[in-house]
Amino acid sequence: MNYSFTQWLLIFYIYAFAGWIFECCVVSFQQKRLVNRGFLRGPMLPIYGFGAIIMLYTALPLHSHPLKVYFAGVFVATIFEYIVGVLMESIFHVKYWDYSEHKFQFQGRICLQSSLAWGVLSVLLVSVFQPPIDYLLGEFNAVPLMFTVIIISVYFVTDVVASTKTAFDLSRSLEELDKMRLEVRRMKKVLADQAEQKRDELSSMVKQRREQLEDAISAAEQKMDKTVEQMHFLRKSMIKGNPTLKSTRFNETLEDLRKRLKK
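Just so we're on the same page, our numbering is the position in the sequence shown counted from 1, plus 937.
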């Protein structure tokens, strides 16, 4: 079946939505709580939409040869996953998935297990998932189809813009919190070094300095808590919705932020 541009767009949105449902179910089960999975605020995971489009474009001409469809899916989807991983890390300085603990992985961005799964999904996509969608597309007249796609596209673009801003804001928040955390660590080290001195050898000046450090540490901790508390709920949602999220620059601070959000 030859698809028009609007049909391709609707296919993209359908699989982006299906991917969101799949990821939410899997991650919610793993975390034992409801998780709104993904980069966007709304019920879409674009990587699944783009992945489906790429796999369909590659695999549909091979639909009568399941083995070719499988290996085409393995190859194309793995390259796509790697490129997306590199781009997300370069732009936002975070990893939205990490296969570092898997066997036969490369840079934590791709792994054999995931690649083989992409191959299976490609076969299912062509033989099981796409035929009902083709039937649905056949029931759409051009005008209702265009109207539907325009409405979804306006929502999608708005969500992408807002979520991208949130991702950059989160990166800035992590940088700010990282500076505070390092300052607290520095003051605690100074305090610990002073604590090694015998109490009877401490001068009144040193004791006063220790008290000042303790007050400064307490104030810094309170400032960090307040910063987290005042953080926009969308930034908090992005962290909670991506339990495997890692920062390439401030991962220790990100983990500390997760703990503070659980308080």
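Just so you know, the hints here were simulated from the structure itself, not pulled from any lab data.
Hints are supplied without guarantee of correctness; some may be wrong.
Capping the alpha-carbon separation at 16 Å, the derived lysine to aspartate or glutamate pairs in EDC-like fashion look like this [as the list claims (entries may be wrong)]:
| no. | residue 1 | residue 2 |
| --- | --- | --- |
| 1 | K1040 | E1026 |
| 2 | K1183 | D1071 |
| 3 | K1102 | E1151 |
| 4 | K1116 | E1158 |
| 5 | K1116 | D1162 |
| 6 | K1126 | E1158 |
| 7 | K1183 | E1076 |
| 8 | K1196 | D1106 |
| 9 | K1160 | D1096 |
| 10 | K1160 | D1115 |
Remember, predicted model here, so these are calculated numbers, not experimental data.
Hint check results:
1. K1040 / E1026: 22 Å, violated
2. K1183 / D1071: Violated, because 38 Å separates the two Cα atoms, which is more than 16 Å.
3. K1102 / E1151: The hint is violated at about 37 Å.
4. K1116 / E1158: The given pair, whose Cα atoms are some 12 Å apart, holds under the 16 Å limit.
5. K1116 / D1162: OK: K1116 and D1162 at ~14 Å, within 16 Å.
6. K1126 / E1158: 15 Å, holds
7. K1183 / E1076: With Cα atoms ~44 Å apart, K1183 and E1076 exceed 16 Å; violated.
8. K1196 / D1106: At roughly 19 Å apart (the allowed maximum being 16 Å), D1106 and K1196 break the hint.
9. K1160 / D1096: Violated: K1160 and D1096 sit about 31 Å apart, past 16 Å.
10. K1160 / D1115: Holds, because 12 Å separates the two Cα atoms, which is no more than 16 Å.
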